[in-house]
Structure formats: C-alpha cells, structure tokens
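Make a model of the complete structure from these sequences and hints.
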Amino acid sequence: MRSYAELPRLMTMMTGDEKHGPSATSTLDVLWVLYDQVLRVSPATVDDPGRDRFLLSKGHGPAAYYAVLAAKEFFPEAWLAEFGSASSPLGYHPDRSLVPGVEIASGSLGHGLPLGVGMAHGLLARGFGSPRVYVLVGDAELDEGSNNEAIVYAGAVGLPNLTVVAVDNRSSSYGWGPGGIEAHFAVGGWQVTRVSGRDHAALAAAFSAGPFSAGPFSAGPFSAGPSSAGPRLVVATVEGKG
Amino acid sequence: MVSDMRTVFAETASALLDEDPLTAVVLAEISTDMFAKAMARHPERVLNVGIREQLMVSVGGGLALAGMRPIVHTYAPFLVERAFEQVKLDLAHQGAHAVLASIGASYDAAPSGRTHQAPEDVALVDSVPGFSVLVPGHPDEVRALLRGAMGTLEAGSAYLRMSTVSNREALPVWPGLQVVRSGRRAVVVAVGPMLSPVLDGLSDLDVTVAYATTVRPFDAEGLRALEASSGAVVLVEPYLAGTSAFAVSSALASRPHRLLSLGVQRGELRRYGTPADHAAWQGLDAAGIRRSVTRFLGLA
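Protein sequence lines correspond, in order, to chains G and Y.
All letters in the first sequence, in the order written, are residues 2 to 243 by my numbering.
All letters in the second sequence, in the order written, are residues 434 to 733 by my numbering.
Derived from the structure by calculation, the hints contain no laboratory data.
Do not rely on the hints blindly, as some may be mistaken.
Here are the simulated SDA-like cross-link-like pairs (lysine to any residue), alpha carbons at most 20 Å apart as the crow flies [as the list claims (entries may be wrong)]:
hint, chain 1, residue 1, chain 2, residue 2
1, Y, Lys521, G, Gly92
2, Y, Lys521, G, Asp96
3, Y, Lys521, G, Glu145
4, Y, Lys521, Y, Glu587
Right, dumping it as structure tokens:
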C-alpha cells in the first residue's frame with residue numbers, strides 16, 4: 002500500500018504534469034480519505050456482496066480516482082502510465098467492466114446518484130444492513146435534473162445507507178444560492194454537513210458521523226419519520242475552479 | 434374471463450415477487466394500484482419512485498448492480514424515450530440486467546395523442562446492445578414471456594412490449610418463428626398482435642404465415658428455413674415500419690429476396706379516435722395488409 006504522499010507521483014504518471022492544478026485534484030483528498038479510512042472494501046473484497054460501494058458519479062478527470070485505486074492496489078501502478086491509450090483499461094471516464102474496484106461506468110453526468118439510490122435499495126432488500134453506498138458528485142453536476150429526482154425521492158423514503166459527497170469548487174454557472182447545495186438536500190430530509198475538502202480529519206469525521214442505522218427501514222420505507230436516519234450529504238469545499 | 438395484458442403482467446410479477454426474494458419491481462406511479470398487495474407484502478422490493486422515469490430506470494440499474502432482479506414498468510414513451518440515456522448507460526453500459534415492461538403500445542392511447550404514443554420504442558431499444566424484445570400477441574402469452582425473460586436475466590435484459598390490442602387466440606410461446614399457415618408465394622412474418630389481421634386479410638392467398646413473439650434475437654435460421662422460392666418476404670410489425678428490416682436482410686443476405694416492411698409510418702397523423710381507426714389509417718388492419726401484400730405480389 003502506498004501513502005498519500007505518493008499520489009502526486011501516481012497522477013503525474015497519467016498526466017505528465019509535474020504540478021497539478023486545483024481542478025485536477027479537487028476530489029483527491031475526499032477520495033483518499035474514503036479509501037484510506039472509511040470504505041469497507043479492498044482488492045480482496047471487490048466482489049463481496051457485503052462490501053461498501055463507492056460510486057464516482059463525476060467521471061470527468063478521473064486521474065485522482067485512478068491514483069487512489071492504484072495506491073490501494075486495486076490494480077497495478079504500471080497501468081497508470083498507459084492512461085487513455087489503445088490497450089489501457091483506464092479511459093478518460095472509468096468503466097466498471099474494465100477496472101477492478103470501479104463500481105459504475107460514468108462520464109455522462111447525473112447518473113451516479115440515481116444508480117446509488119437503486120443500489121442502496123438493493124442492499125437493504127437483500128438484507129445487507131451494513132454496507133453503505135457513497136456517491137461522489139460535483140457541484141456543477143447537480144445541474145442535471147436526474148439528480149433532483151433522486152434527492153427528493155431518497156430523502157422522502159429515508160434511505161439510511163446512502164451518503165452523497167458533493168465536491169464543491171463552485172463550478173456551477175448559476176450556483177445554489179445563499180443556502181448552498183446543502184439547502185436543497187436539507188429541505189428534502191437529508192442530514193447535511195459542510196467541511197473543507199482538504200481537511201482529512203474533518204472529512205473522516207463527516208463520513209463516519211451520524212446515526213447510520215443497520216436496521217433497514219425500521220419505520221417502513223415510505224414513512225420515514227424523524228427517527229429515521231435518512232440519507233446524508235457531505236459537502237466538501239475546495240478551491241474554485243478559477 | 435380473459436384479462437388484459439397489463440393485468441396478467443401484474444399478477445405474474447406479483448407471483449415472481451412471492452417466489453423469488455431477489456425479484457424487484459420499480460414503478461413511476463403507473464400501475465401502482467395493481468401492485469398494492471405486492472407492495473404491502475414486499476415493501477423493500479416494490480418501489481414507486483413517483484413521477485420520475487429517469488430515476489425509475491436508474492434505480493432498476495442500481496438494484497441489478499446490488500444483485501437484484503428488477504422489473505421496471507411504465508407507459509412506453511416514458512419508459513423508453515424519456516429515460517433513453519438511462520436505458521443505454523444505467524442498464525446496458527453497466528452490464529446491469531432488467532426487464533423493461535411497457536404498456537401503451539404504438540396507438541393504444543389513440544385519443545391521448547402523440548405524447549402518449551411511442552411506435553419507435555422497439556427501434557430505440559434495439560439500438561442498445563443486450564436486449565431481447567418480446568411482443569406478446571395475447572394476454573395469455575404474457576405470463577410465459579415474462580417468466581422466460583426473468584429466467585434468462587443473467588444472460589441479458591429484455592423489453593416486454595404489451596398492448597391493449599390482441600389476437601383472438603393465444604399461441605404457445607416459442608422463441609422462434611411459428612408457422613401458422615403454409616403457402617408458396619411469400620413468407621409473411623406477423624409480430625405479436627398483427628397475427629389476427631394478417632390471417633384475416635390474407636386468408637385466400639397462397640402464403641406462409643409465421644408468428645413471432647420474440648423479435649430480438651430475430652429467428653434468422655427459422656426465416657431461412659421458411660423462405661419461399663419466390664424470395665418474397667413480408668414483415669408486419671405493430672411498431673415503426675422497417676424496425677426488423679435489417680434483421681430480415683441480414684438473415685437473407687446470401688440469397689436474392691424482396692422485402693415489404695409494414696408497420697407504423699413515420700410522420701404524425703395528429704388525429705385521435707380509437708386504436709382500430711389508427712390501424713386502418715396505418716394500413717395495419719386486415720384490409721390494409723391485404724392491399725399492400727397483393728400489390729407487392731403483383732396480384733392487384
């Protein structure tokens with residue numbers, strides 16, 4: 002296993018750049034904290050039905066994602082050097098059929114969160130109380146209306162095993178108003194919090210906090226009351242895209 | 434009493450929910466009344482997402498990725514057209530398998546107008562890899578087709594296309610072409626509810642009539658075995674004309690043949706009325722089919 006300090010070197014294998022701008026690394030710390038401290042998944046358990054699921058919905062700029070997966074040895078580091086080439090499994094948008102540990106193929110925006118809602122439902126229906134589903138979205142990605150369908154629905158039914166992490170680099174042209182992204186989730190019944198997307202301790206605490214309930218739908222799936230844990234949103238603030 | 438296709442579908446899906454703990458049903462308000470009992474029995478597996486068809490299809494994909502066996506159901510235009518990228522990406526591209534079960538075929542909803550009509554549905558689904566396409570011609574064929582699709586879900590997804598229009602009698606469900614009548618001048622392939630008007634319109638013509646409920650995969654071998662010496666083939670489909678023309682052309686690529694593709698025409702009629710009215714306007718009633726086929730065979 003490689004350390005956080007090695008991630009820039011791994012990313013350079015893909016991009017050739019010695020220094021990476023903020024937008025290229027906007028998700029880097031969030032991804033590292035998830036795979037290093039939060040997600041119960043490893044190269045040995047990528048097919049375990051009881052694993053935690055991480056869905057990179059914002060499939061653009063996957064260098065940070067690939068770097069973290071390589072650092073955690075989901076696939077050989079040597080793959081990174083061939084990024085985007087004819088024989089490489091690593092494309093500019095990730096494909097779950099080609100890359101071990103990648104849960105969804107993404108690229109077109111607004112698909113990860115709705116898929117995550119179905120996945121969270123499926124894990125509960127199969128009686129897996131504990132696996133959790135984490136979906137990473139970008140703030141501009143939330144422009145896509147399909148997300149709104151998922152936000153309102155997941156909040157209303159109180160899906161307890163779903164966490165969205167919205168990496169907010171203020172790249173949405175019209176933004177989210179004074180209340181920020183979290184206002185739109187909170188009104189739908191989500192538990193929301195905002196932390197620095199560069200603060201590992203704060204991110205880990207945000208991901209691990211909250212009364213995640215192992216008992217699926219104790220109040221019934223369509224009657225999520227105040228006692229329900231409900232889905233959670235973590236907004237991770239990073240530098241503006243500039 | 435003969436039920437309609439939707440009722441048989443809901444009964445069969447409800448039975449599957451009882452039998453198999455991995456079966457799930459995803460709805461977007463449509464048909465929720467028919468699934469009320471199933472929803473009460475299996476609240477964690479019968480999901481109504483509200484009027485959210487993109488979410489409905491994506492939830493089907495997510496359920497499948499979690500190891501479930503989803504049936505996703507609503508009106509054809511909202512299932513296939515509105516959520517088409519979800520069908521392409523959240524099912525096919527993910528390798529997630531589901532049964533998409535539609536009602537409201539072509540002009541079933543004649544008085545509702547264009548917004549509730551999607552005769553292009555099979556052509557669209559057919560452009561996505563990995564889908565079989567099932568077109569029952571009678572309510573009694575729905576049970577076997579749905580059970581068959583769920584039984585082979587590991588191998589791929591299926592589009593089950595139900596209609597309020599049906600043939601007089603059910604036939605045994607069979608994945609290949611079934612010969613209903615034999616003749617010499619042409620092979621007429623009648624898809625789903627087109628069988629009765631084909632038989633009525635061509636009753637005195639010397640043609641083979643073959644019935645298909647499974648149009649994808651298309652039974653190329655079966656067609657080659659039936660092909661008339663004249664090389665004349667007529668395809669009668671209850672959706673966009675020519676949807677299966679390439680499948681017929683591919684099947685007969687090595688032989689001289691002529692193909693007449695009947696189905697719903699491109700272009701908007703902007704007329705209401707009944708499904709029977711539209712069948713007549715589209716030339717898909719018995720008289721219209723007879724007109725087209727006799728002209729094609731040089732008999733008129």
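Numbers of the earlier hints that this structure fails to satisfy, in rising order: none
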